[in-house]
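First to last, the sequence lines map onto chains G and R.
Per this note's numbering, the very first residue in the first sequence carries number 7; after that it's consecutive.
Per this note's numbering, the very first residue in the second sequence carries number 7; after that it's consecutive.
Since the hints were derived computationally from the structure, they do not count as laboratory data.
Any given hint could be a false lead.
Unchecked claim - Non-contacting residues of chain R with respect to chain G, defined by C-beta distances greater than 12 Å in every case (computed): (1) 53; (2) 124; (3) 188; (4) 266; (5) 274.
To be verified - Restraint-style ranges between C-beta atoms, simulated for each label pair: (6) G:128 x R:81: 50 to 58 Å; (7) R:182 x G:24: 16 to 24 Å; (8) R:27 x G:22: 33 to 41 Å; (9) R:133 x G:128: 54 to 62 Å.
The beta carbon of each residue, even a glycine, is placed where N, CA and C say it ideally should be.
2 protein chains.
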Amino acid sequence: MRDVAVIGIGCTKFGELWDKSFRTLFIEAGEMAISDAGLSGDQIDEIFIGNMSAGRFVGQEHVGALIADYSGLATNNIPATRVEAACASGGLAFRQAFTSVASGMADIVVAAGAEKMNDVGTEETTDVLAAAADREWEGIAGVTFPGLYAMIARDYMNKYGLTREQLAAVAVKNHDNGLHNPIAQFPTKITIEGVMSSSLVADPIRLLDCSPVTDGAAAVILCPLERAHEFTDTPIQVLASTQASATIALHDRQDISTLDATVAAGNRAFKMSGLERSDIDFVEVHDCFTIAELCAIEDLGFCKKGEAGKLTEEGETARHGKIPVNTSGGLKSCGHPVGATGVKQIYEVVLQLRGEAGKRQIDAEIGMTHNVGGTGATVVCNILGRA
Amino acid sequence: MRDVAVIGIGCTKFGELWDKSFRTLFIEAGEMAISDAGLSGDQIDEIFIGNMSAGRFVGQEHVGALIADYSGLATNNIPATRVEAACASGGLAFRQAFTSVASGMADIVVAAGAEKMNDVGTEETTDVLAAAADREWEGIAGVTFPGLYAMIARDYMNKYGLTREQLAAVAVKNHDNGLHNPIAQFPTKITIEGVMSSSLVADPIRLLDCSPVTDGAAAVILCPLERAHEFTDTPIQVLASTQASATIALHDRQDISTLDATVAAGNRAFKMSGLERSDIDFVEVHDCFTIAELCAIEDLGFCKKGEAGKLTEEGETARHGKIPVNTSGGLKSCGHPVGATGVKQIYEVVLQLRGEAGKRQIDAEIGMTHNVGGTGATVVCNILGRA
Numbered sequence: 007m008r009d010v011a012v013i014g015i016g017c018t019k020f021g022e023l024w025d026k027s028f029r030t031l032f033i034e035a036g037e038m039a040i041s042d043a044g045l046s047g048d049q050i051d052e053i054f055i056g057n058m059s060a061g062r063f064v065g066q067e068h069v070g071a072l073i074a075d076y077s078g079l080a081t082n083n084i085p086a087t088r089v090e091a092a093c094a095s096g097g098l099a100f101r102q103a104f105t106s107v108a109s110g111m112a113d114i115v116v117a118a119g120a121e122k123m124n125d126v127g128t129e130e131t132t133d134v135l136a137a138a139a140d141r142e143w144e145g146i147a148g149v150t151f152p153g154l155y156a157m158i159a160r161d162y163m164n165k166y167g168l169t170r171e172q173l174a175a176v177a178v179k180n181h182d183n184g185l186h187n188p189i190a191q192f193p194t195k196i197t198i199e200g201v202m203s204s205s206l207v208a209d210p211i212r213l214l215d216c217s218p219v220t221d222g223a224a225a226v227i228l229c230p231l232e233r234a235h236e237f238t239d240t241p242i243q244v245l246a247s248t249q250a251s252a253t254i255a256l257h258d259r260q261d262i263s264t265l266d267a268t269v270a271a272g273n274r275a276f277k278m279s280g281l282e283r284s285d286i287d288f289v290e291v292h293d294c295f296t297i298a299e300l301c302a303i304e305d306l307g308f309c310k311k312g313e314a315g316k317l318t319e320e321g322e323t324a325r326h327g328k329i330p331v332n333t334s335g336g337l338k339s340c341g342h343p344v345g346a347t348g349v350k351q352i353y354e355v356v357l358q359l360r361g362e363a364g365k366r367q368i369d370a371e372i373g374m375t376h377n378v379g380g381t382g383a384t385v386v387c388n389i390l391g392r393a
Numbered sequence: 007m008r009d010v011a012v013i014g015i016g017c018t019k020f021g022e023l024w025d026k027s028f029r030t031l032f033i034e035a036g037e038m039a040i041s042d043a044g045l046s047g048d049q050i051d052e053i054f055i056g057n058m059s060a061g062r063f064v065g066q067e068h069v070g071a072l073i074a075d076y077s078g079l080a081t082n083n084i085p086a087t088r089v090e091a092a093c094a095s096g097g098l099a100f101r102q103a104f105t106s107v108a109s110g111m112a113d114i115v116v117a118a119g120a121e122k123m124n125d126v127g128t129e130e131t132t133d134v135l136a137a138a139a140d141r142e143w144e145g146i147a148g149v150t151f152p153g154l155y156a157m158i159a160r161d162y163m164n165k166y167g168l169t170r171e172q173l174a175a176v177a178v179k180n181h182d183n184g185l186h187n188p189i190a191q192f193p194t195k196i197t198i199e200g201v202m203s204s205s206l207v208a209d210p211i212r213l214l215d216c217s218p219v220t221d222g223a224a225a226v227i228l229c230p231l232e233r234a235h236e237f238t239d240t241p242i243q244v245l246a247s248t249q250a251s252a253t254i255a256l257h258d259r260q261d262i263s264t265l266d267a268t269v270a271a272g273n274r275a276f277k278m279s280g281l282e283r284s285d286i287d288f289v290e291v292h293d294c295f296t297i298a299e300l301c302a303i304e305d306l307g308f309c310k311k312g313e314a315g316k317l318t319e320e321g322e323t324a325r326h327g328k329i330p331v332n333t334s335g336g337l338k339s340c341g342h343p344v345g346a347t348g349v350k351q352i353y354e355v356v357l358q359l360r361g362e363a364g365k366r367q368i369d370a371e372i373g374m375t376h377n378v379g380g381t382g383a384t385v386v387c388n389i390l391g392r393a
């Protein structure tokens, strides 16, 4: 396999984007990435598109070809592939793009993700998202995504004595990072008290424990490392790209507050890169709910099981802590356009490694991403470093 | 890149399968392929799942993980990726599986496809399939898939003087092949007169010009060629696996009766394999409508533009003709579970190359597949040969 680098990145503003369509969002992010890499469109060999449910959100399947076409790339008849694993769809797009370049199938490959979630009503959105869980055994019983993560949170609190304040501290920290991120949907300062007095969604999860419903898109461009300097002075090498699955339904798991797919994908990423946990300077994890960030930190091996709440409360996951988590603001503050999130995580890691993260810049040479589908049936991990 | 071989195949009966669910169909095909390869499940490293629209047909996204889980493969946390390009979703699954093995990312990889289309009503099915075209410019205007292919057929007839009888001959030939295929949904003999007097769907397309709405699944297993003899005495080598895109909407094409993506994917397959058209002994093409088979034969380069009708009428695409087309019975007689079709084409080619095609067996060493998404915005081609 060939070494692979990221040479271009782009990301739209995340939010309720009433004046933009699904396809225009993709194109906006793609054009930013192409321009960032100093490429022309006809140099692109292949694209991978992460999207969860355009079929239900905007009545459109076949979105790989659609985006190739509306980006002007269909004139070269490039392969265009949509991949889907619910909220990990963006992560899959990146991993497939990596494999395509690493294998030698293609040289210049785009990985993009988008979701336009606000064009349908709240009830429909809730039902679409329930399609990420096991429809026949979870969705049909009426359980929603906040409901599933509430069960994880309750189990975790019972086992490890996590306090409500510690859970709230995750949201407060991520909003503090998002304050400095121009793409964030909610760049707003919040407090522990504010989280704890926000509306109850599914006990113990409250409104400010949840990532919002978001429109947005992100795109990155990969090429063989040996060609990266043709396009950029600051190539970022992909040191690992791994993926794992686990049971789709919560009730089939031995331990619902440990995500086996996170453990597996994380271990594989460290094995593939030859790195240790201590080599990682920062990590973007999948905080679709506050509890998810705590599980991720632990299941990736950055602290022992049950300790992530304390770590967060003590500021060790903040920008200048021991292991900064979600410097972007995470899904919590940036928003969570489900197909885009996995690619937006790469966007943030590349910005940080290039030193282009503005007021939220940290000192870092190696970063990691962690993208979850459903309640952990799919996990994608990536490790990136300065080339 | 490593050489890759197919070592196991499986396919369910295609039809209206009221007693089987989406997930059980996948598992049935997967178990047949695993058993065919003499593998145990824990030897599998990765799976790719082709599916167009389980989100709308059965309310389920995240189907890669779902199938890994229900196949018992999630216990090993293997990567499970769903790919989608409408009716070419199965073809994409095969190509991604090929890339995964060729790159060295994985050794034993499953490519599977399924669609459960009969669980919703006819009107809903028509609307779901319209999501393969450009929703904003075609679907919203009320055009259905038979409508789009009717425009192609009318254009083709005007340009090349194709007769209604020649078009009907495609259906008659494919049903004659399907008669001998145990998986076929409609293993029924039909006549030119029968096609021409069947109900008009969208002029000039009649009911017996259309592939049916179908439930079904297919699965194949790939591994590095150098390991293939561990699992089978009759490995089939993948000599090329290519993909191309084109404009999604018909109105954006220079010539609607030539599929540019077929031309591009076909040319790439011949280049990748180093073979000539004359080396191909038979081909499975995407005959979602009779006109689509004629376009495919020409756009792949097996005859000049405008000549495929005559070729068919003269019997040269029949089982013992010059270039047998759709020995399986094609989408027309076998049925067209959209996510499964691209994998079922591989299934047929492998059966023929192994000499296991029963009464429809032909003498062949090299076969080709051609799988189309929408009206040709995505095309996947594969060439396989005895190893």
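Evaluated hints:
Chain G draws residue 53 (chain R) into its interface by the beta-carbon criterion, the shortest separation being 9 Å against a cut-off of 12 Å. The Cβ of residue 124 (chain R) sits about 17 Å from the closest Cβ of chain G, beyond the 12 Å cut-off, so the non-interface label holds. No Cβ of chain G comes within 12 Å of the Cβ of residue 188 (chain R); the nearest lies about 29 Å off, and the non-interface call holds. Taking the minimum C-beta to C-beta distance to chain G, about 6 Å, the non-interface status of residue 266 (chain R) is violated against the 12 Å cut.
Look at residue 274 (chain R): its CB is around 9 Å from the nearest CB on chain G, not clear of 12 Å, so calling it non-interface is violated. For the pair residue 128 (chain G) and residue 81 (chain R), the supplied restraint of 50 to 58 Å is violated, since their beta-carbon distance comes to about 36 Å. Remark: the range hint 16 to 24 Å for residue 182 (chain R) to residue 24 (chain G) is contradicted by a beta-carbon distance near 55 Å. Take residue 27 (chain R) and residue 22 (chain G): their Cβ atoms lie about 37 Å apart, and the range 33 to 41 Å holds.
Take residue 133 (chain R) and residue 128 (chain G): their Cβ atoms lie about 23 Å apart, and the range 54 to 62 Å is violated.
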